[in-house]
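Enquirer: These are the residues of each chain, in order.
Number of protein chains: 2
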Amino acid sequence: MRIILDGMGGDNAPDSIVRGAIAAAKEIEDDIVVVGKEDLIADSLKANGYKGDQITVVNADEVITNEEAPVKAVRRKKDSSVVKGIAMVRDGQGDVFISAGSTGAMLAGGLFILGRIEGIDRPTLATVYPVISHEPSILTDTGANAECKAKNLLEFATMGSLYMEKVLGRENPTVGLVNNGTEEGKGTALTKEAYELLSASDLNFIGNIETRELQDAVCDVIVTDGFTGNAIVKLTEGMGLMVLRELKRRFLTNAKSKLGAVLLKDQLRDLKKEFNYAEYGGAPILGVKGALLKMHGSSDELAVKQTILKSIPYVKEDVVGKIEEAISRNEDKDSSE
Amino acid sequence: MRIILDGMGGDNAPDSIVRGAIAAAKEIEDDIVVVGKEDLIADSLKANGYKGDQITVVNADEVITNEEAPVKAVRRKKDSSVVKGIAMVRDGQGDVFISAGSTGAMLAGGLFILGRIEGIDRPTLATVYPVISHEPSILTDTGANAECKAKNLLEFATMGSLYMEKVLGRENPTVGLVNNGTEEGKGTALTKEAYELLSASDLNFIGNIETRELQDAVCDVIVTDGFTGNAIVKLTEGMGLMVLRELKRRFLTNAKSKLGAVLLKDQLRDLKKEFNYAEYGGAPILGVKGALLKMHGSSDELAVKQTILKSIPYVKEDVVGKIEEAISRNEDKDSSE
Numbered sequence: 001m002r003i004i005l006d007g008m009g010g011d012n013a014p015d016s017i018v019r020g021a022i023a024a025a026k027e028i029e030d031d032i033v034v035v036g037k038e039d040l041i042a043d044s045l046k047a048n049g050y051k052g053d054q055i056t057v058v059n060a061d062e063v064i065t066n067e068e069a070p071v072k073a074v075r076r077k078k079d080s081s082v083v084k085g086i087a088m089v090r091d092g093q094g095d096v097f098i099s100a101g102s103t104g105a106m107l108a109g110g111l112f113i114l115g116r117i118e119g120i121d122r123p124t125l126a127t128v129y130p131v132i133s134h135e136p137s138i139l140t141d142t143g144a145n146a147e148c149k150a151k152n153l154l155e156f157a158t159m160g161s162l163y164m165e166k167v168l169g170r171e172n173p174t175v176g177l178v179n180n181g182t183e184e185g186k187g188t189a190l191t192k193e194a195y196e197l198l199s200a201s202d203l204n205f206i207g208n209i210e211t212r213e214l215q216d217a218v219c220d221v222i223v224t225d226g227f228t229g230n231a232i233v234k235l236t237e238g239m240g241l242m243v244l245r246e247l248k249r250r251f252l253t254n255a256k257s258k259l260g261a262v263l264l265k266d267q268l269r270d271l272k273k274e275f276n277y278a279e280y281g282g283a284p285i286l287g288v289k290g291a292l293l294k295m296h297g298s299s300d301e302l303a304v305k306q307t308i309l310k311s312i313p314y315v316k317e318d319v320v321g322k323i324e325e326a327i328s329r330n331e332d333k334d335s336s337e
Numbered sequence: 001m002r003i004i005l006d007g008m009g010g011d012n013a014p015d016s017i018v019r020g021a022i023a024a025a026k027e028i029e030d031d032i033v034v035v036g037k038e039d040l041i042a043d044s045l046k047a048n049g050y051k052g053d054q055i056t057v058v059n060a061d062e063v064i065t066n067e068e069a070p071v072k073a074v075r076r077k078k079d080s081s082v083v084k085g086i087a088m089v090r091d092g093q094g095d096v097f098i099s100a101g102s103t104g105a106m107l108a109g110g111l112f113i114l115g116r117i118e119g120i121d122r123p124t125l126a127t128v129y130p131v132i133s134h135e136p137s138i139l140t141d142t143g144a145n146a147e148c149k150a151k152n153l154l155e156f157a158t159m160g161s162l163y164m165e166k167v168l169g170r171e172n173p174t175v176g177l178v179n180n181g182t183e184e185g186k187g188t189a190l191t192k193e194a195y196e197l198l199s200a201s202d203l204n205f206i207g208n209i210e211t212r213e214l215q216d217a218v219c220d221v222i223v224t225d226g227f228t229g230n231a232i233v234k235l236t237e238g239m240g241l242m243v244l245r246e247l248k249r250r251f252l253t254n255a256k257s258k259l260g261a262v263l264l265k266d267q268l269r270d271l272k273k274e275f276n277y278a279e280y281g282g283a284p285i286l287g288v289k290g291a292l293l294k295m296h297g298s299s300d301e302l303a304v305k306q307t308i309l310k311s312i313p314y315v316k317e318d319v320v321g322k323i324e325e326a327i328s329r330n331e332d333k334d335s336s337e
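Line by line, the protein sequences give chains Z and H.
For the first sequence, counting from 1, position 5 maps to 5 in this note's numbering; every step adds exactly one.
For the second sequence, counting from 1, position 144 maps to 144 in this note's numbering; every step adds exactly one.
Careful: at least some of the hints might be erroneous.
Sample of chain Z residues at the chain H side, in silico, Cβ under 10 Å [as the list claims (entries may be wrong)]:
#, residue
1, G181
2, L190
3, L214
4, M239
5, G240
6, R245
7, Q267
8, E274
These are computed hints drawn from the structure, not numbers from a lab.
Values in this document were obtained by computation on a predicted structure and should not be read as measured data.
Don't be surprised by glycine CBs; every beta carbon is placed ideally from N, CA and C.
Using the sequences provided together with the hints, build the complete structure.
Expert: Below is the structure:
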């Protein structure tokens, strides 16, 4: 297969992208294409000592930044790395497109260039959500759709379950609905209706969950609207950063505490590693006719490498095709009722 | 003043309530009345060696549990500790009512027994939100109103600012609106409209905030709808519990790490203390014609004591009266525009 990387997206582009590609290339057989300003990327490949032919470069003169209105940018900047990269997936020149750039541009590109899967109302950004000392969950939606209908939440759950099963390898994944209480009948008009739809579906729905339980590995697929999902992911990240910062600061108080910290070095390093989103690979944009992975803007070499590795089952297990099948099954069921 | 305590609410009632009352009584001059099953409370007072007359008991034979539908329970159980306690505030027999019981019953009791402040559409549950290594913020709403209008968010901000200033003593408190991005124009129809209203108000509005920043002490008053606020408070609590659990587990790995943990004992204890909601006192229900404080269901002696202490400026600074004034000023402003 052929993996297309956005060479220009993210805070550390193109260097961390190129280094991640080189690290991944050592572990896989697949071709990697980096799209972006050819001279910059070639320089970075050279500076990082790459001499192989597994990684190639496709030139794109324009860059879409986080500050631009995504829809307009995708429509105008035909020669941007994002537009070119996604078009390569559409045209069969690549199997998956990966970017650490603008989430909005990835979503708009997915919609306009690849198009929605038939029967999907709203594609979703599904984040791999770290659960400390456990395998991660999938959280969907995390910001693609701030305002949702209940039908959208059912779609997110269906797509998230497929990704969890096929890419992260968990069979018959459990699905929980984020709510303000665990009892049936709790919540807003949206969550009440979504509860009904999820209960009636073939998914492994376990009912309402509260955010208090997320770090208890309460379910595999966490379903919520994009506004709440965005708040959850960012708060988790902020709390993780705060904890590491506070431990460091407090453990440097005096000679005694510094010695304690030295003795606990391994444990602190492990904890830090678990708080690191980079370990888990990027966030898939599900519901469009092609495989797209969004990485965190601050992705480093490790994050890029991990995302490239996770993109392989995403493509090989044909998650996009399986979503198409699942959605058409749901629709058949609806129309036969 | 006279502080009315629900002797029957919470996981550890009446014992932790009684012990908290005894601890508070040592530090204040005010009368404390415990409402609930007289024999149980008298037994607990006796068992805890209390012999004074600063704490008295008012009998209430019924108890409203968390499992009951709050509105129905408040209407039917006239002899419950919650209904009797709130009625005492209405009738001038008490200045504030404090409970660790059902939040729904407190809200329903506030609405039906005390009534809304004129001009307030929706009373709010405003939680004191812990920010590690900083003074706490106020988060409003935290679950009283899962579905909100923009006007409600402005009311929450107005009431939360007053509570922050008068009770927690922070002058001209900053107000931030939880959103899925910091730029103006971000968010849902609700947050966009709330942004406009907050910008046009006299509040010290700093704009949109992301949940990633909450532990950076980004603002004094965090404004959001009750669904999102509930998710934030519960996730913060869940993350805090997870961190303490993980540190403990990891630090007990082997003899070396155990020694490290011993050397870091003071620092770990301090961090644990900061994660403890109990330090900050209860959550006020703002917007009703009387002072109500809701404590966490698992409140221990310390939490009860702290909430009693915080109830004093809540009453003495006449936060309820100041909310009435502020809301009528807002209304005058509206009608003169």
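Enquirer: For each hint, tell me whether it holds in the structure or not.
Expert: Each hint tested on the structure:
no.: 1; hint: G181; in the structure: holds (8 Å)
no.: 2; hint: L190; in the structure: holds (9 Å)
no.: 3; hint: L214; in the structure: holds (6 Å)
no.: 4; hint: M239; in the structure: holds (4 Å)
no.: 5; hint: G240; in the structure: holds (8 Å)
no.: 6; hint: R245; in the structure: holds (9 Å)
no.: 7; hint: Q267; in the structure: holds (4 Å)
no.: 8; hint: E274; in the structure: holds (8 Å)
The earlier numbered hints are all upheld by this structure, with none contradicted.
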